[in-house]
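Asks: Okay, here's what each chain looks like letter by letter:
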Amino acid sequence: MRFSTLKIAWRNLGRNRRRTLLGVSAIALGQFTLITVNGLNAGYFESMLRIVTGPLIGHVQVHQRGWREERAVDQYIDNLGRAESEIKTLPEVQSVSARIFSPALGAAGEPGREPAEAEMAMVVGVDVPVENREGGILASLPAEDLPGPGSVVLGKVLAQRLKLTPGKTVAVIGQDADGFPVSNIFLVKSLVKGGNEIVSRLGIVMPLKEAQDFLVLPDKAHEIVILGNDYRKAGELADRIKSLPGLKDAEILTWKEAFPVIVRMIGMKTWTDLIFLAILFIAAAAGIANTMMMSTFERTREFGMLLALGTRPGRLVRMITLESVILGLVGVAVGSILGAAVVYLTSQTGIDYGALSGIRGQEINFQGLTLSYIVYPKLEFRNVLFGVGAVMVTAFLASFWPAFLAARLEPTEAVRA
Amino acid sequence: MKSLMKTMKAAIFGVVLFALLFPAAAVAGAEGAPDINAVLKRLDDLFRSESSVGSVELTVVKPRRTHTLKLKIWTQGDEKALIVIEAPEREKGTATLKVGKNLWNYLPKVNRTIRIPPSMMQSSWMGSDFTNDDLVRESSLLKDFDSRIAGRSEDPAGWKIELTAKPSMIGLWQRIEYVLDVDGNLPLEARFYDRKNRLARIMRFDEVKIFNGRRIPAHLALTPIDTDGKPEKDKQTEMRYLEIKFNVPVSDSMFSLSELEKNR
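These protein sequence lines are chains A and B, in that order.
Sequential numbering of the first sequence, starting at 1284, is according to our numbering.
Sequential numbering of the second sequence, starting at 98, is according to our numbering.
In isolation and in its complexed conformation, chain B is listed as follows (with noise of 0.2 Å):
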């Protein structure tokens, strides 16, 4: 657990991904308002770690079809992950490697691993509302971001805080504005808006559970927005923590394009 703490090079979700999707606890200020920078450090950390080995249920809700697949991935800092598709059958074996800012995708009906072209980047992962970019993205709230408390939040009940992209940075969000729990510790909402400041998308963090000693949200529930500004009708993609294991022992060669392509 204190290597967890200290290593902040890490990420869970290969799918750091998701880390920039994923809030962090606070710590709360003596009078109410949290500190804002250690806010933005558990942010960032709330799914990091050394390596990982996670079970998620992801949920893809279209407007004629609600597909759930089911994840196993596994994660070693920022930069490795392999997230394999372990059910439906149709989808079974299908897996996605990263290493960086690369992406294979390996396909058992075609038996081909195929690297995802940077102008696929923007394109559906495996037709979620998660695009191929969020799993390679690698962002730091704190670093990246010029950011504020905003004040109280009505709804959800909470802390509001405000994160605006550095010039410097290159990015799909301009701004992000989070909502903190009362305590300051855990997100309940972030929304996204775009580089034009059009609200583009709006991740619910809730169900929060205790795994290996760290609580986190085990749910993640993402809604896209249309450029109208609603929520795209009838689309979510839910993302949820049956299980995951923060620091353990995962082997490098499991981030192999041959691990990828191994018979599941």
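If we strip away everything but chain A, and leave its shape as in the complex, we get (with noise of 0.2 Å):
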């Protein structure tokens, strides 16, 4: 192909430019909107994903059968300390940390003239360490704040019911295995807001061993939360977790399966991408459909000149070719530039979903996760070829019939018209 031929399309283009122009938005208009969208979605479902395989979920959990359903205190996975050696000899396993959930009662601990309102509360049993790191119960905890002995952590609602500040104290009534009562006062460290539901609306955050003695649970404990190398992997890891002696009644769990409203959530981003994809195609159909078949139909006299002239009819197609796929790419480019841009720029600052919908407060509570409704968005580079690609395609498809109707023109007939 001769270069003089892509200089004579983009001259075309420039013959009618407030056409050629609107062509050109149409097609940005859809890059932009399918780079945007997508980026907001690709943030939004991340930050899911990122919850549900995060240190709360785990990639495996581990119950007591049953458990799940009725949380009741003596579903417990007994000897513990087998099972968690036991799935630590596995090699790609990075954590393993086990809770106890247990109901209770908790009220203001200082003694008082009036007697204490209570309210229900939910003993969390945890380990201390590996909730401390990102994304745990204790997520974001200094040192001096964490629970220890005779010490605990609250949840902000919890404590805000009961009025308790750091510093307190807070007596707690639970029940043993047995459901019997037992009763104890614990020190009240800090509060915590984290992305458990039941931890901040309920929760007395303490060590798993304060737990184990305060309510006759030794060596027991309810869940089981296992990270491994990669959650993609988590099935061949569960599968190799129910293989162990230790665990072989227990309920044994991927992230998947543990929250499947929430995965299907996710899956639903594919679709949303195709949908905006589609919405691409058709902005770009429309957008290189029109400007071509107007700009070939009204060129009738000069293709029959050309013709007439001498040029071949393959260089008239693959001039008119071009100008669509240019006009296409031009189109696309200045989509990806501005979708890029809004993406990122969105993406430093986050976009407040509750504040755009006038909701206060900056989160949402969902299936038990407490979930932010700042979004960042995120882009998916993959979005950006897709659309260049879906823009190519139909810059082509839109160009075959004006080019073909072009080649097929007798030249004494297209002059005379």
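No lab work stands behind these hints, which were simulated from the structure alone.
Beta carbons: idealized from backbone N, C-alpha and C, even for Gly.
Treat each hint with caution, since some may be false.
Listed next, the in silico SDA-like pairs over lysine to any residue satisfying Cα-Cα at most 20 Å (straight line) [said to hold, decoys possible]:
hint, chain 1, residue 1, chain 2, residue 2
1, B, Lys206, A, Pro1394
2, B, Lys332, B, Ile299
3, B, Lys198, A, Glu1400
4, A, Lys1531, A, Ala1541
5, B, Lys189, A, Gln1347
6, B, Lys206, A, Glu1519
7, B, Lys206, A, Ile1468
8, B, Lys189, A, Gly1462
9, B, Lys332, A, Ala1460
10, B, Lys167, A, Pro1464
11, B, Lys189, A, Asn1467
12, A, Lys1446, B, Pro215
13, B, Lys206, A, Phe1463
14, B, Lys189, A, Asp1459
15, B, Lys169, A, Phe1463
16, B, Lys206, A, Lys1531
17, B, Lys330, A, Gly1462
18, B, Lys332, A, Gly1349
19, B, Lys332, A, Lys1531
20, B, Lys330, A, Asp1459
21, B, Lys169, A, Pro1464
22, B, Lys330, B, Arg301
23, B, Lys167, A, Glu1329
24, B, Lys359, A, Glu1393
25, B, Lys206, A, Asp1459
26, B, Lys167, A, Phe1463
27, B, Lys206, A, Pro1398
28, B, Lys330, A, Asn1467
29, A, Lys1451, B, Lys167
30, B, Lys198, B, Pro215
31, A, Lys1661, A, Val1671
32, B, Lys330, A, Gln1347
33, B, Lys359, B, Asn344
34, B, Lys206, A, Gln1495
35, B, Lys330, A, Pro1394
36, A, Lys1476, A, Gly1450
So these bits of chain A aren't anywhere near chain B, every CB distance computed over 10 Å [unchecked claim]:
hint, residue
37, Arg1301
38, Trp1350
39, Arg1354
40, Asp1357
Please dock the two separately framed chains into a single complex, following the hints provided.
Replies: Here is the structure:
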């Protein structure tokens, strides 16, 4: 193909600038929408994925069968130490942490003249160093605020209800594994918001050992959370854990099985991506086809002249196709640059969905997890490429018909048209 | 004794609570079938009195453990009750005060009195199969239920009466079936159906004794039924009256928060 053909094609696009601009805008807008919407989706779903595969939920969870439905205190995993050490022998295991969840009553512990108002609460026994890492129940707490022997961390909502602040004491009435009441007083070290709704609403968080002693659950826990190397390999990890002798009666679930609704929501992202890709196709097709049809039909005489002068029909076809491709490329380039810029800028600041929809607060509780309303969009280069590809395909297809017609023109008739 | 008969408004086990569970005797009709209203009235009043002081042994059977508590119970009418755990050592001094619809628990270990919030009313009382709500609920079989004699019962042998909650009645039970002894005097068994009409608990009454001139079943056994309609495995709560005195003077100050926390 000669360079002159490209030059002529470029010049032809400049002959009706307004029309060309309109075509470019339609494609640019399509690509812009694709990139920004998918960027927003990617950011939103990625944060969700981070939560459901993070330390809060782990890649694999172990419970006694039935615990997830009833959450009874006596539905525990026995011989915890043995189970944990067996899990730790698997090479891909990064961390293992056990938790205790036991319904309780909490009340302000300071003796007062009035009897204390009690509130429903949940004793949550945790592996403190593990939960103190990013994404854990006690994430972001400084060392001096962590629970220790005789001290606890309270969920923020529970603390508000009990009118308790750090430094005060809380009386806890729990029940042992047989359902008989046990009670004790604990010092409140700090308050925690956390990503787990139960913890922020009801949590009386204490070290696992303390909870085991208090609730008479020696060497027992209700949940084991396991993080492996890669959340995508959770299925294989779960299978290997299932074959461990110490856990043969337990229910072993991957994060996908534990939170199927969230997994389905994440799966929806593929479909939204596709829908916006389809919209882009239509915008590009409309923009290019319209421009090319118009410009071809009004140039019938010109094409006839070119053919009469000896231009080969093939060159005519290449010229028209090139016009269409250039139009598409310019449009998609403009759209990509604008879209990428918007996604980049908002990814720095975040977009507060809550504020946009007039909701106070920055969190939503969903499936027992606390999700943030603030979304940090994420540019997925893949989607830019899909957009470019879609526009290219459309450009070729949309130019096919006008180019075909032009090539088949009878010069004598065309000149007279 | 006369004043006892006159006062309908008295509950024994402060826990009138249990009043609902406690049946009453009936006046047997001439030809067998007892008079339903008389039966209900006697069921309602079986354990009621102006005041009472009793000793109860509460045995809670759990799959892994059986736990026996010794309770001392003071009551005044339907409204007030004080229950103090006297043994074993672990729970000794733990006390529950009921005044009207309010419940407070005193816990010696943390030396605090805690008011039970409404949200915890359906929770177990002291690990037993009784709920906090059982302690505060005041309902009358006669007033709150529509009833009929449903004929003779085979097992156990006696009379069967059926009670259906009146629409205006707010409570846990949709339906209660009582089996009375052949004389129609004392209850043998009561089956409680929840609002979804599922059998939820069975209470059995036996060991009839005379306390203070009143003939009552001294032993009550409550079996919870799971959602499949079968008795829950190895779970039961038994109450045995070791002693009970009706209409003995009980001071008002007995039912106060300071008494609840009194060093025992």
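Asks: All hints are to be evaluated individually against the structure, with a verdict given for each.
Replies: Quick rundown of the hints versus the structure:
Taken as a hint, the B/Lys206 and A/Pro1394 pair is honoured in the structure, with Cα atoms around 13 Å apart against an allowance of 20 Å. Proposed proximity of B/Lys332 and B/Ile299 is supported: the alpha carbons are some 12 Å apart, at most 20 Å. A hinted pair counts as satisfied when its Cα atoms are at most 20 Å apart, and B/Lys198 with A/Glu1400 qualifies at roughly 15 Å. For the suggested pair A/Lys1531 and A/Ala1541, the alpha carbons sit about 18 Å apart, so the restraint of at most 20 Å is met.
Pair hint B/Lys189 plus A/Gln1347 does not hold up; C-alpha atoms about 34 Å apart against a cutoff of 20 Å. For the hint pairing B/Lys206 with A/Glu1519, the CA-to-CA distance comes to about 48 Å; that exceeds 20 Å, so the pair is violated. For the proposed pair B/Lys206 and A/Ile1468, the alpha carbon gap of about 9 Å is at most 20 Å, so the pair holds. Only pairs whose Cα atoms come within 20 Å are accepted, and B/Lys189 paired with A/Gly1462 is accepted, the gap being roughly 17 Å.
For the suggested pair B/Lys332 and A/Ala1460, the alpha carbons sit about 14 Å apart, so the restraint of at most 20 Å is met. Straight-line distance between C-alpha atoms of B/Lys167 and A/Pro1464 comes to about 15 Å, which keeps the hinted pair within the 20 Å bound. Our distance criterion of 20 Å between C-alpha atoms is met by B/Lys189 and A/Asn1467, whose separation comes to about 15 Å. Of the supplied pair hints, the one linking A/Lys1446 and B/Pro215 holds, its CA atoms being roughly 18 Å apart against a limit of 20 Å.
At most 20 Å may separate the alpha-carbon atoms for a hinted pair to count; B/Lys206 and A/Phe1463 meet this at roughly 14 Å. Between B/Lys189 and A/Asp1459 the CA atoms are separated by roughly 17 Å; this keeps the pair inside 20 Å, and the hint holds. With a CA separation close to 19 Å, the supplied pair B/Lys169 and A/Phe1463 stays within the 20 Å bound. For the hint linking B/Lys206 to A/Lys1531, the alpha-carbon distance of about 39 Å lies beyond 20 Å, and the restraint is violated.
Of the supplied pair hints, the one linking B/Lys330 and A/Gly1462 holds, its CA atoms being roughly 15 Å apart against a limit of 20 Å. Distance hint between B/Lys332 and A/Gly1349 is fulfilled; the C-alpha atoms sit about 18 Å from each other, no more than 20 Å. Between B/Lys332 and A/Lys1531 the alpha-carbon distance is near 27 Å, which puts this suggested pair outside the 20 Å criterion. Only pairs whose Cα atoms come within 20 Å are accepted, and B/Lys330 paired with A/Asp1459 is accepted, the gap being roughly 19 Å.
Only pairs whose Cα atoms come within 20 Å are accepted, and B/Lys169 paired with A/Pro1464 is accepted, the gap being roughly 18 Å. A threshold of 20 Å between alpha carbons decides the hint, and for B/Lys330 with B/Arg301 the separation of about 17 Å falls inside it, so the pair holds. Taking the CA atoms of B/Lys167 and A/Glu1329, the gap is about 58 Å. The hint is violated against a cut of 20 Å. Among the hinted pairs, B/Lys359 with A/Glu1393 is consistent with the structure: their alpha-carbon atoms are about 18 Å apart, no more than 20 Å.
Only pairs whose Cα atoms come within 20 Å are accepted, and B/Lys206 paired with A/Asp1459 is accepted, the gap being roughly 15 Å. With a C-alpha separation of about 15 Å, the suggested pair B/Lys167 and A/Phe1463 falls inside the 20 Å cut-off, and the hint holds. With a C-alpha separation of about 15 Å, the suggested pairing of B/Lys206 with A/Pro1398 holds against the 20 Å cut-off. At most 20 Å may separate the alpha-carbon atoms for a hinted pair to count; B/Lys330 and A/Asn1467 exceed this at roughly 30 Å.
Taken as a hint, the A/Lys1451 and B/Lys167 pair is broken in the structure, with Cα atoms around 35 Å apart against an allowance of 20 Å. About 10 Å separates the Cα atoms of B/Lys198 and B/Pro215, which keeps this hinted pair within 20 Å; it holds. For the hint linking A/Lys1661 to A/Val1671, the alpha-carbon distance of about 18 Å falls within 20 Å, and the restraint holds. Of the supplied pair hints, the one linking B/Lys330 and A/Gln1347 holds, its CA atoms being roughly 18 Å apart against a limit of 20 Å.
This hinted pair does not check out: B/Lys359 and B/Asn344 have alpha carbons roughly 24 Å apart, beyond 20 Å. Restraint check for B/Lys206 and A/Gln1495: the C-alpha separation of about 18 Å stays at or below 20 Å, so the hint holds. Distance check on the hinted pair: B/Lys330 and A/Pro1394 sit about 41 Å apart at the alpha-carbon level, beyond 20 Å; violated. Distance check on the hinted pair: A/Lys1476 and A/Gly1450 sit about 17 Å apart at the alpha-carbon level, within 20 Å; holds.
For A/Arg1301, the shortest C-beta to C-beta distance to chain B comes to about 69 Å, beyond the 10 Å cut-off, and the non-interface label holds. The Cβ of A/Trp1350 sits about 16 Å from the closest Cβ of chain B, beyond the 10 Å cut-off, so the non-interface label holds. Distance check on A/Arg1354: its Cβ is at least 14 Å (rounded) from any Cβ of chain B, clearing the 10 Å threshold; non-interface status holds. The beta carbon of A/Asp1357 is not kept farther than 10 Å from every beta carbon of chain B, the shortest such distance being approximately 8 Å.
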